[in-house]
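**Q** Each chain, written out:
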Amino acid sequence: MVSTIFLTATALPEVIWIGVIIKAVLILAVIAAIAGFGTYIERKILAFMQRRLGPQHVGPFGLLQLAADGIKLFTKEDIIPQHANKFIFSIAPVITAATAFIALAAVPVFPDFTIPFTDILVPSIASDINVGILFVLGMMAAGLYGPLLAGMSQGNKWGIIGSARTAIQFLSYEVVTGLSVLAPIMMVGSLSFVDFNDYQTDGLWLVVYQPIAFVLFLIAGFAETNRTPFDLLEHEAEIISGYVTEYSGMRWGLFFIGEYANMITIGVIASIVFLGGYNDFLFIPGWIMIIGKIAFSFFFMLWVRAAWPHVRPDQLMWLCWKVLMPLAVINVLITGLVIMI
Amino acid sequence: MYETIAFYTFAISTTILFLITVMSKNVLYAMTALASGMVMISGFFFLLGADFLGVVQLIVYVGAVMALYGFAMMFFDATRDIKEKHQNPALVFLLGGLMALMFVVIFSAPIIGDNVQALYPIVEGVGNAQAVGMVLFTKYLVPFEVAALMLLVAMIAGIILAGKKMDYSLTTSEAADEEINVEEKLQADIEREKGEA
Amino acid sequence: MSEVQIVENMVDITIDGVVCKAKEGEYVLNAARANDIFIPAICYLTRCSPTLACRICLVEVDGKQVYACNSKVKEGMNITVDTPDILAERRAMMEVYDVNHPLQCGVCDQSGECELQNYTLELQVDSQSYSIPDTKRETTNWSSVLHYDPGLCIVCERCTTICKDMIGDAAITTAKRGGEALDKSWKDNMPKDAYAMWNKLQKSVIAPSNGTGSTDCSDCGECISVCPVGALVSRDFVYTSNAWDLKRIPAVSAHSSDGFAIYYETKPAAIEDRREKIFRVTNEWNFVSLDGAARFGYDFENQDVSKDETAFKAAVEAMNKAETIRFNSVITNEEALMLQTLKEKKGLKLYNPEVRPFQNFLKLYNEASGASLYNGTTDTALKCNFVVSVGGALRNDSPGMKYAFNNIQKMNKGAGLYFHPVADKLIPTFGKTVETFTHKAGLEEATLYLLLELFADADKLPSDVKDYLAELGRDNLINMLGGDADAFNKNFEKMMKKKDSFVLMVGEDYYGHAKAENLAKLIVLLEETAGFQVVMNPPKANALGVALICDLDDEATGYTVGYNENGDFRLSALGDAKGDSNVLDMPAMNQQEGTFTTLSKRVVPTNVALEYNGYVLNDLMAELMDAPRETIEWTPHLPTDKGYQAMAFDDMLNTFDNAGRDNRGYLLNVTYDEVELPKVDKFDEADGLDGDIVYRCNPPRQFSDFSDKAHQIFEPFGLYASEDRAKELGEKAEILFKNGKITVDVIVDAKMEGDIVALSDFKSAQNVYELFGASRYQKVTIRKA
Amino acid sequence: MSLEQFKNRNVGTQNYVKLDLDHSPTTGWCQFKQVVKRTFKPELFVGLGVTFREMVNALFRGKMHTTQYPFEKLPISPRYRAIHDMLRLLESGNYRCIGCGLCEKICISDCISMETKYDENQRKEVSEYTINFGRCIFCGYCAEVCPELAIVHGGRYENASEQRASFSLFEDMLTPIDQLNLQQEYAGFGAISPNADENVKSTPLAY
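Heads up: the protein sequence lines correspond to chains G, W, B and E, in order. Be aware that the first sequence starts at 1, since it is given in the numbering used here, and climbs by one per residue. Be aware that the second sequence starts at 1, since it is given in the numbering used here, and climbs by one per residue. Be aware that the third sequence starts at 1, since it is given in the numbering used here, and climbs by one per residue. Be aware that the fourth sequence starts at 1, since it is given in the numbering used here, and climbs by one per residue.
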């Protein structure tokens, strides 16, 4: 997909290559680090919510727990089960992680900025394709092949159940995600994130116009990122670890990074599409606003995990097809009607 | 330059992937190759600047192939060791030959491509999505609506097929109880017959 | 000719309202026990005389209080075990026993097998009314095996009784304790019997009877086994294990031919060594008394054996090559049968110098008497009242016979005659009516003629024998055999009073005797004309089984495989196979199951006590020819024409019943054919040997390499001599035989008398049998070395 | 912690709270009421609220629940049955164990074994003693049966070790002689009952 970046970069002549590369590196490095750091945050927050201390002993406040985990993951023995399909088993985690990062290519995280003392303009987005939102959703959909192939290739019944659940859960919620963002897209009239951001520069946040779409998107987002209460495909109490049952070491870590990157992506999309993007808010600069919004949505996901139990697969499907999808369709209809009038 | 390299990369990988899809007996390989092939095809759309179509290709086919995986999961044992052996070398020969021919066509494509005129050239300032929308709702309105109708029919048919016995519960319905009763009756009959004998 | 039957009159008695059958003249206590009725008793031992030390067996007979252990059964007796008076009396006695008895039950070696504890609970003693200051009593070691803790002793005198009445050593007795005298006020305040018992208890303690601190006995350890409390314990066992941890494995002693019933008691050797180890040997002491070898010679197992395939292959090869198999009598019937099968199928020679003369002698006896086997057993011998021992060193050769000889004197008011060239100081102590003759070696025929003269019914004797006896003259014969005719005749009259059953114990000397045939005929004559029942003492271990099962050859030729014996290739259970490719490990007797044929003609089963992982003889058989899977599958195939039964090993019982009947295994069938009285030869007085004479005889407790291997048996290999003779010989002596010489240590046997010295034969490596040939006496030259 | 509260085996006097569950609706009207009640009660947000409140409690009101285990330890009940201790006589420092073997006998998982010998003082001495903690089920019978209160259950419940052997030998369980003054009298399972004195029967002694 590298070529995509090149191609779109050529379409934006004022941005020089180096800026795009910086942005790409930033995304890769920062998001990967944040994804790792996310595990620490998650443990801490879940602990606090259960009145525990959480990681405590590696580094100050346990901050270096991440490093310890990293070392552990990298040095662990890489086990490939005897009856697994070795090739597929090996590439499955890579699919998850890679698609998560590729999706981020089309996501604007910061406002454009110039590196001080140089003319290098770092664009807000690595690749501002005009169908950005669809591209991100598409990439996240492609990312589902990770769990799917992982579960199928490992020769383990829990894996198979995990991948079966992947197939139904993602296929179903893909529909809800798409329909829920369709209404804002209709209002903005563009698929580009930058346009979404710009649309909200002067007006109110889109969440005010589209509260139902926002809630639907959040719910679908939980399902897409495989988070509690929809973490059916690796739910320990039922299916050991689902599709990651046989994974160990860094292969397992890649799934983890992919999951956290996806959480960030969902947070970014929610922030830009519904919560005003990286626009300045009163006196607060835009970049702080966007970080705050992403952080909140990340925190919200953890909060929900601490508070709510997860649902059964049949409840999940019932909710998707019988509640959320009709709601989304009605929402789209009403939005269309309002726009027409 | 980059387009050329990208085009050849996509082209070759697409061809090879689909060949694997056709030739492999391992359902996992076939399906995975099919899915990746679909992703590769979307690359062509991006190359041509048809971002929207590219993304649609991604979303639609990725989803569709995932449904196929569902069937694969149900019908095949993915973990079984499968020997990749072909009983019909003629077929391999034929497909190999066709592929070689295809490569020739692919390599000559840029030459031919020079002479191809776009039917609906990209209009500056008009988004990809709009362009597709405009074409769909003007020139191809009737086929589009017919296709939509067909999908609706298919959907309803699917619902009916799947939902035929939706209100029939194996655990609680009286019908099931009756079935059990029937079995009991049968058992009783058999015993009575035995007794008589 | 027929089996000796001792007729017993059965009478009816009533115990606690139950009508029982009992033998007339039996003690009430024994009658009750035989009928499964419990009468408490601490001091009484079934086969010994009543001690009356504990007085707990008090019962009421026809309204009168008597002691059950010493009142005899009469027709129509009515016995009440518990009356309120008796219960009060018994309780008082138990309380007295518990006075000052240390409460060390936690560490006491009796560990719950304590009769004091049992009776205290049985009689519900829950409080104490009596007290007296305690005396300090130090623990002592009486010998290399005996450990005595007087603090725990309740002076029931079971140990002294068994030592005197059964073992015959009388090595321990009661002694003064120097305890506090009882306060006279007790006499009026407590039951009479309890007071008397306490009075005695407070004054006495057990001590060696020779006045020194150590016992001078055969170290049989029977006193240990009868001790009801933890006062007497084997030194090796003190504080090493609790009784409840030990697994009891019923077995047969592998040493003497008595086939004593024993229990190997095993448990894992140590925390770090989980292999089973034998911790001690116990016995049913009411019915069997063991000798020192049986009790202490238990750890002769062949340890740490694994299946050494190269040695096995070598063994198979050696067996194929062999012309002779040399073995001894430490072997089960099954193994003997295997060897016999080898002989039949492969034409091998079987060479066993230990058993060969015995087998010959049995055959001679059989020809002369028509009986397939001698007619007596130890059990029947114990019921006789006149016992004669000929041709055997009773103390050394056969502990069971010695016990019987002694017990007859003590229990049956019996009398005894002991003929042997080697004088033994112990035998005369068995009783006043025991006469010993120390005759010249070689004059064994004269002994039997004297017995004919003394006991034979003159009417039954053939006239030529009668004439010959008249010609010899009784006094002349007595004097010829080293006796004093006048003194003997006087005593003999006393001895013969009220005697009605006679037993003749025949020892090993006769079997290899040059005139064995004549001796056998004379024995038959004695049997026929004087009503003697005869018991022959098989030389060692399972000699009788080997003699009956195997068809032995006179000499070894060619390539020889030795089974626990010397040979070109050796099968050895002695643990000397390590690193020697010419030796294959075999299981020792405590590592294998099988049957023994005992002196009492009983086929008894023995079981596996210790693990053995190597090859057994049956594996070799399986390799050489068809063999069943297990050794014990040979058991039903023991030769029935020799009296064995087709009984499977697993069907054999291994118990005694309450009346003391031996139910182990089965008795050999003995057949009797009518034959004419044998014609006996005269003897020549010149056959008596003079000069330096060596007698092939082991010290007590030593029988074979196996007993020697046991760590608690110390009797060394050597030349045993009386004190005087040993002084003459010095520390080491060289003995020159006709066909070789041997240099050995000279060891004093304080109980021996005279000039004849005894050379041990228990070490197979020393090959003493080769030096002696068949006879046990050899004229040699002995030099100081 | 006193022993008395553990000696109270009278189940039922504790303050149990019984769970009061709603009855499931029987009529249609009841079902309707239940649906309405559940629909308009923001239970999901109650859940979020609870967790958030607890977080605030933990972070700012000092109500953190964690015991930092290897550094902090909670007191354990005297009746807790952890790794055994072998006690010494307080007066002389000798072993209390007399080697009677009752613990070995009663052990239902057969994990105790011991070796005893006749020592130079003519007493029974324990020469080797081991408990196989791989098999021990910590039932406490050994402590209960011990007539000398020599083997007791200690408070050492951390059973990780480099080798199994570093637990199971007599010396490891024995009170170190220099810490004799720290040896606690055992209060738990198998300890003598508070009224033991009353149960002793006196016996006349002449001295």
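Read the hints as simulated data drawn from the structure, not as lab findings. Some hints here could point you the wrong way.
[Claimed, not checked] Partial list, computed: chain E residues near chain G (C-beta under 10 angstroms):
1) L44
2) G47
3) G49
4) F52
5) E54
6) V56
7) K63
8) I83
9) I108
10) L169
11) S193
12) A196
This one's a predicted model, so the numbers in the text were calculated from it and none came from an experiment. Glycine is no exception: its CB is placed at the ideal position from the N, C-alpha and C atoms.
**Q** Closer than 10 angstroms between Cβ atoms is the bar; does E:V56 clear it against chain G? Give me holds or violated.
**A** holds (9 angstroms)
**Q** Next item in the hint list is E:A196. Is there a CB on chain G closer than 10 angstroms to its CB?
**A** violated (45 angstroms)
**Q** Go through the hint on E:S193 and say holds or violated, using the shortest Cβ distance to chain G against 10 angstroms.
**A** The hint is violated - E:S193 has no Cβ within 10 angstroms of chain G, the shortest such distance being about 41 angstroms.
**Q** Per the CB criterion, is E:L169 less than 10 angstroms away from chain G?
**A** The hint is violated - E:L169 has no Cβ within 10 angstroms of chain G, the shortest such distance being about 33 angstroms.
**Q** Given E:F52 was flagged as interface, is its beta-carbon under 10 angstroms from a beta-carbon of chain G?
**A** holds (7 angstroms)
**Q** Checking hints one by one. Is E:I83 an interface residue toward chain G, by the C-beta closer than 10 angstroms rule?
**A** Status violated, d = 26 angstroms.
**Q** Taking the closest Cβ pair, is E:K63 under 10 angstroms from chain G?
**A** Holds, because the Cβ-Cβ distance from E:K63 to chain G comes to roughly 6 angstroms (cut-off 10 angstroms).
**Q** Can E:L44 be said to touch chain G, with a Cβ gap under 10 angstroms?
**A** The hint holds - E:L44 has a Cβ within 10 angstroms of chain G, the shortest such distance being about 7 angstroms.
**Q** Is the interface hint for E:G47 satisfied, with its Cβ closer than 10 angstroms to some Cβ of chain G?
**A** holds (4 angstroms)
**Q** Given a cut of 10 angstroms on the nearest C-beta pair, is the interface hint for E:I108 held or broken against chain G?
**A** violated (34 angstroms)
**Q** Is the interface hint for E:E54 satisfied, with its Cβ closer than 10 angstroms to some Cβ of chain G?
**A** holds (5 angstroms)
**Q** Checking hints one by one. Is E:G49 an interface residue toward chain G, by the C-beta closer than 10 angstroms rule?
**A** Constraint on E:G49 satisfied, holds at 8 angstroms.
Hints 8, 9, 10, 11, 12 from the earlier list are contradicted by this structure; the remaining hints agree with it.
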